[in-house]
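*Asks:* Top line first, the protein sequences correspond to chains A and B.
For the first sequence, position 161 (counting from the first letter as 1) is numbered 1312 according to the working numbering, and the numbering increases by one without interruption.
For the second sequence, position 207 (counting from the first letter as 1) is numbered 1358 according to the working numbering, and the numbering increases by one without interruption.
Every clue listed holds true.
Identical copies carry no separate label here, and so any pair may be met within one copy or between two of them.
In silico SDA-like pairs for lysine to any residue, Cα to Cα no more than 20 Å straight-line: (1) LYS1419 x GLU1218; (2) LYS1371 x GLU1218; (3) LYS1198 x PRO1283; (4) LYS1351 x SER1365; (5) LYS1430 x ASP1306; (6) LYS1419 x ARG1211; (7) LYS1336 x ASP1368; (8) LYS1413 x GLU1367; (9) LYS1302 x ASN1398; (10) LYS1276 x LYS1454; (11) LYS1419 x VAL1210; (12) LYS1419 x VAL1217; (13) LYS1302 x LYS1430; (14) LYS1419 x ARG1213; (15) LYS1430 x GLU1303; (16) LYS1419 x THR1386; (17) LYS1372 x ASP1216; (18) LYS1198 x ARG1468; (19) LYS1484 x GLY1342; (20) LYS1430 x GLY1374; (21) LYS1164 x ASP1216; (22) LYS1413 x ILE1165; (23) LYS1371 x ASP1216.
Since the hints were derived computationally from the structure, they do not count as laboratory data.
Protein chains: 2
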Amino acid sequence: MAPVTNGRLIFNKIPTGLPEPGKTTVYDTSKTIDLENEPLNGGVLIKTLALSADPYMRVRMRPADVESYMPPFIIGQPIASGGIGKVIRSEHEGFKVGDYVSGVLDHAHYSIPNIDGPFGVKVFKPEFGLKPSLYLGAAGMPAQTAFYGWKEYADAKPGETVFVSGGAGPVGSMVIQLAKEEGLKVIASAGSDEKVQFCKDVGADVAFNYKTVSTEDILKKEGPLHVYWDNVGGTTLDAALENAATNARFIECGAISTYNSKDGVVMKNIDQIYARCIKLYGFLVVHLAPKWQKEFYEVIPKKIASGDFKYKEDITRGLENAGEALREVQTGKNHGKKVIIVSDD
Amino acid sequence: MAPVTNGRLIFNKIPTGLPEPGKTTVYDTSKTIDLENEPLNGGVLIKTLALSADPYMRVRMRPADVESYMPPFIIGQPIASGGIGKVIRSEHEGFKVGDYVSGVLDHAHYSIPNIDGPFGVKVFKPEFGLKPSLYLGAAGMPAQTAFYGWKEYADAKPGETVFVSGGAGPVGSMVIQLAKEEGLKVIASAGSDEKVQFCKDVGADVAFNYKTVSTEDILKKEGPLHVYWDNVGGTTLDAALENAATNARFIECGAISTYNSKDGVVMKNIDQIYARCIKLYGFLVVHLAPKWQKEFYEVIPKKIASGDFKYKEDITRGLENAGEALREVQTGKNHGKKVIIVSDD
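Full structure from sequences and hints, please.
*Replies:* Written out as C-alpha cells, the structure is:
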C-alpha cells in the first residue's frame, strides 16, 4: 500500500489571548505515512477516531520555558489531547489489531502514541453498547474529574447546598448529578439560556445565566454554600467565598475565566477563607485516579447507558476543523462535551 | 468600702480604616462599682490584670448587622478581648478568691465575665514560674493558634520549605519554632529590620523585610513552598501561590493586609490552586481546641519556661492607653505580643 496523507493539527504560534484557528494551530497535510512499514519500535500504530477539546488545553499553549502542570505544546509539532483510536498494527503484546485505545493522542490521523505512564494509551472495551466517543466525556476524563473530586473532597451531607459553576459542561453536569444523588440542593451557573436549561434537565434546583443575572444576588438568596465546585475561578470564586457557610468545602477544578488573560482579578473575600474556616482543595484528575478509577468504571458507564445519568455531546467533524473546536471551548460556544470526530469507526 | 471608679475602654465609633484612639475607642471613667455589693447572680467578680491586643479585633469593629465569625463590638459598651484576671469575689463553686482566670474579658478594671462556652473565663495556674501575662501570648491564644493549625494541617516532612508571613508576631514566631523543630527550612517575612532579626533569633533560615525587599524575588529564590503559613493575605498570598510546590499546604490563619480596607486585592495566581493541587485550610483556633489543647499545655509552657521556645512581649501600661495599643497591632508597630497591663498583680 502506498503511503497515505497524515493530516495533523500543528501548534504554530503561542496565543496571547484566545487561540485562533489558522494562527495558533494550522492543519497540515504535507506529511505522509506508510501504514505497513512505518517503524513501530515495539509500539502500536493507531488510527485516530475521536479527539477531545478541553478548556485546560489552553494551559499547554505557552512558551516552553514556563512551568505548569502539563508540558507545553511544541511549536511545529501536533498538539495533543485525550483521544480514542483503533489499533491498526502492533508490536506490543498488550495491543491487538482492532482494539480500541484511549489516552493522550496527537492531533493526527495516524500516530504511534506513548503507551507508558498515566497519559499513555490503554486498551478499553466500550461497555453496555456505549459509543466509543463517550469515553472522552460522560464516561471519560471530564466525568472522572467530577467523580474523583466529588468523592474525595465534597464531604457532602443530604440537605446541604452546593454551587456548581460551569454547570452545563461535561464536568459540571456530572457534578450536578452526583450531588443530586446524594440529596443536596444544587445551584448551577452557565453562560447561555440553553445551557441553563441543560443544568435543570440534569437536576439542578436553581440554574442561572451568569451573563444576565448577578451571581452575588443568586448566591445571597439561595446560599449559604456548603460546597462549591469551581470550574471558572475569578470573580465567581470571590462571590462564592462571600456566600460560603462556615466549614465550606471548595473543590478547585479549573479557572477558565483566567486562562486567556494575565491581568489578574480583584478579590475582596479572600479573608473569608480563614474567617469561615473554608477549605479549598486544588486537584488534578491524574493524581486521584489510583484511588477512584475502579469505582468510577463500576458505577458510571452503567448509569450513562441506562439513562440515569444524562450527558450532551457537541460534535465537530474533521480534524481540519479542530482549531475552531479549541476556540469554542475557551469561549463556551460549545453545548456539552466537545468531541472532534477524526475518522469513522 | 465605697464604690470605686471602674475605668473602661468604650467602643465609640466604627472606623472606616485604622482604629483611632479617642475616636474609635474612648477611655471612660464615669462609672463606679461597689466591689462588695455589686450583684453577681451566681457569677464571679474579676479584677483585670492584663488584656490582649490582637489584629483580629479589627473584625469586631464593624456595623452590628454585618455577620462575621466573632460578634461585633457594641457602640457605647466596653470592647473585649482575651484577658487575665484575678477573682476578688465569687458566687460560683468553681472559682475561689485569688484564683487566676483567663478568657474573654471586657476592657474594664473590674467585670463580671461570662463563665460559659469556649470564650468564658476559666481558672488556670501559671506553671513553671511563668508570669500570668504569658498566658495571653507565648502560652496563650496566639501560641495555641500556631500549635493547633500546624499540628492539624502542615503535614510537614523534614527538609521541606515553609514560608511564614508575619513571622515576628506571637503566632508567626511560634510557627517558625515548631517548623524548625520538625526539620523544615523556614523563610519568614516581617515589617522591620528589628522584627527580621527576631525571626532569625527564633530560628528562621531566611528572613526578610517585606517593605524593602521583594517577596516574589525571595520566594522564587528560596522556594518552592511546601507549606505557607498565612497571617497576612493579599499580595503576599498571591506571591506564595506563584511559588508553591505541587501539593503544597496553605494554612490560612489571618489576613491583616486586608482588615483595614475594602478595596480588594488583585490576585494573579488563584489558578495555581488547582494547577498545583494546593490545599488551603482556613481555621479558627476555637474549633481546634478540643483536639489539641491538652497536648499544647503539656508541651508549650515547659518549653517557654526552659527557654527552648522564645517569645517577645510588647507591654502597654494602663487601660487608658489601650486604644493606642489596638492601633499599633494593626500597623505592626508592636514588637512581639502586645499586652496591656491594667493592674499589677
